[in-house]
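Chemist: For chain A, the structure is supplied; the task is to place chain B on it using the hints.
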Amino acid sequence: MYNYFIQAYSTYKGLFYWLNWPGYISNVFLRPMVMVLTYALLGRFALNPDAARDYALGVGVYSMMFILVGAISQSYTYDRFQGTIAFLFISPANRMVNYLSRMLLHYPNALIVFAFGFGTACLLVDIDFALVNWWAFIISIVITAASIAAFGQAIGVFAIASRNWMNTFGLILGAFIVFTGVIVPLSAFPPAVREICKILPMTNGLIATKMAFAGGAFSNIWSPILREALTGLVYLGLGYIGFRVFEKVVKRNGALEEDLMN
Amino acid sequence: MNTIRAIMAAFIQQWKTTATNIGSVSMLFESVPLAMALAWMAMKSPTPPVLTYLLVGVPLMAICNGMVFRVGGSLNGELSGHTLDFALISRTPLMAVLFGKSLAQLIFRLPMGVLTLAAMFIVTRHLPEVASIPLLLVAIVFVCIGLIAISLLFAPFMVLVGGKAGFFNAFMPLAVVLSGFMFPIDRLPVVLEEVARMMPTSWAMASIWQAINGIDSAWSFISTLLACILTSIFLLFVTYFMCRIVEKKLRITGELATY
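From first to last, the protein sequence lines stand for chains A and B. The numbering used here puts the first sequence at residues 23 to 284. The numbering used here puts the second sequence at residues 7 to 265.
Since the hints were made in silico from the structure, they are not lab data. No experiment lies behind these values; they were computed from the predicted model shown. A portion of the hints provided could be inaccurate.
Cross-link-like lysine-lysine pairs, in silico, BS3-like; alpha carbons within 27 angstroms at most [said to hold, decoys possible]:
no.	chain 1	residue 1	chain 2	residue 2
1	B	K170	B	K22
2	A	K220	B	K50
3	B	K170	A	K35
4	B	K50	B	K170
5	B	K170	B	K254
One side only, chain A facing chain B, incomplete, derived with CB under 8 angstroms [claimed, not checked]:
no.	residue
6	N42
7	P44
8	G45
9	L63
10	L64
11	L146
12	N189
13	G196
14	S209
Backbone N, C-alpha and C fix where the C-beta goes; we use that ideal spot for every residue, glycine too.
Just chain A, same shape as in the assembly (with noise of 0.2 angstroms):
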């Protein structure tokens, strides 16, 4: 358990590039503010106050998935940079202890994230509260921000693969505000469309958010809740095969350090 605690401080103090405090109150409290605050008045400028309420959930929950995959992502892709993942090749450290290891720290950056968010948004756009069910809707984001996390896993190991992560991340970015729920409901989309967006994590979450945020009965709101962990689940299994395939490879074919342009 030691080693797990150290390897989560040294991945997120040294490969989190954000941790400085221009970084850091710029993405978890400014950011998530700011684009909070946008999305209600622009539903209430484009729509009407429920339209408001909706997007504020739906943005604070997208703003846990920019700090989580960000971070995450470019930590892989900096361990690589910085050519320190190639110590924990040689060594014969738990790999999955490793891997678990690499989101730990990020996660409450998330929660923190929703709740200066969402805080925003309740002090400067008038939103009702009298119906909240307030566990399911704690659970929901709790579970939301970890099955996230996972998925941050899943993209990290292909931004370690690539190289790059800011390219990837963007695509994340751009695709999730499509498909998740977040300003295009899912009603919107065709049957099968729909079915593929709820194996995105966040969809499953957000459903069940605004359900207890309408006061759904927790009896209604479990079967989103129970979905969105088993597809966090999933995609942190695909992370660590992923992880686990990236090191035999580059073992086997000497590229971790080669040159992107060779």
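Modeler: Below, chain B alone, put in the same frame as chain A:
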């Protein structure tokens, strides 16, 4: 004349750097999914001018995001790449170099706006319904002037905060919302609305809103354009003084080569 030559050289350098970078080229497509989602939202709006406003504002937002990020980071990039040394030992004003760079970024990103508009058109099947197209074009030129002024401001600002990674991530959406690209700034809370009035782009967007709905009087349109020019000049002065501070800081502390 020498200044114009320096601006042209900075323009060409920035253009070549940007156009040969796969990251910059892929960034041209980055706003397309968001634009499509916003187009869907605009289409559902019961108020027709909202659709037109977003059809005009979202492409400008895409250009703004790219410009603030790239121009804002350009001075810091020169510093860490040790090419700023040559600008500082020459007589060329730093502002001229930055202006050339931002002009290149603006022109490089104009296709991004067209791509974004095309993506929105695919979703909405609507072209912007504008009361006066000539006035809209004039207003868009002023938005571009405002964009250059804003993006230039971020270049020395980034150096003064130490070029920290991730710093821009909050300022890009903030610049968009304060510019009124997504909705008119009178929808903002009072404090933010007052801050937005310092942005030249917010005045230019007000003139776009007038061009869309039809102007009440020529003076109201011209006054917003004048306000855009005045705020641009103000921001350029602020940028100039920030560049002076950057230069002094680098010379006095000797940080240039140890950065």
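Chemist: The structure should be examined with respect to each hint, and the outcome stated for every one.
Modeler: Going through the hints against the structure:
no.: 1; hint: K170(B) <-> K22(B); verdict: holds (25 angstroms)
no.: 2; hint: K220(A) <-> K50(B); verdict: holds (23 angstroms)
no.: 3; hint: K170(B) <-> K35(A); verdict: holds (15 angstroms)
no.: 4; hint: K50(B) <-> K170(B); verdict: violated (40 angstroms)
no.: 5; hint: K170(B) <-> K254(B); verdict: holds (20 angstroms)
no.: 6; hint: N42; verdict: holds (4 angstroms)
no.: 7; hint: P44; verdict: holds (4 angstroms)
no.: 8; hint: G45; verdict: holds (3 angstroms)
no.: 9; hint: L63; verdict: holds (5 angstroms)
no.: 10; hint: L64; verdict: holds (5 angstroms)
no.: 11; hint: L146; verdict: holds (5 angstroms)
no.: 12; hint: N189; verdict: holds (5 angstroms)
no.: 13; hint: G196; verdict: holds (3 angstroms)
no.: 14; hint: S209; verdict: violated (12 angstroms)
Going down the numbered hints, you'll see the structure goes against 4, 14, while the others check out.
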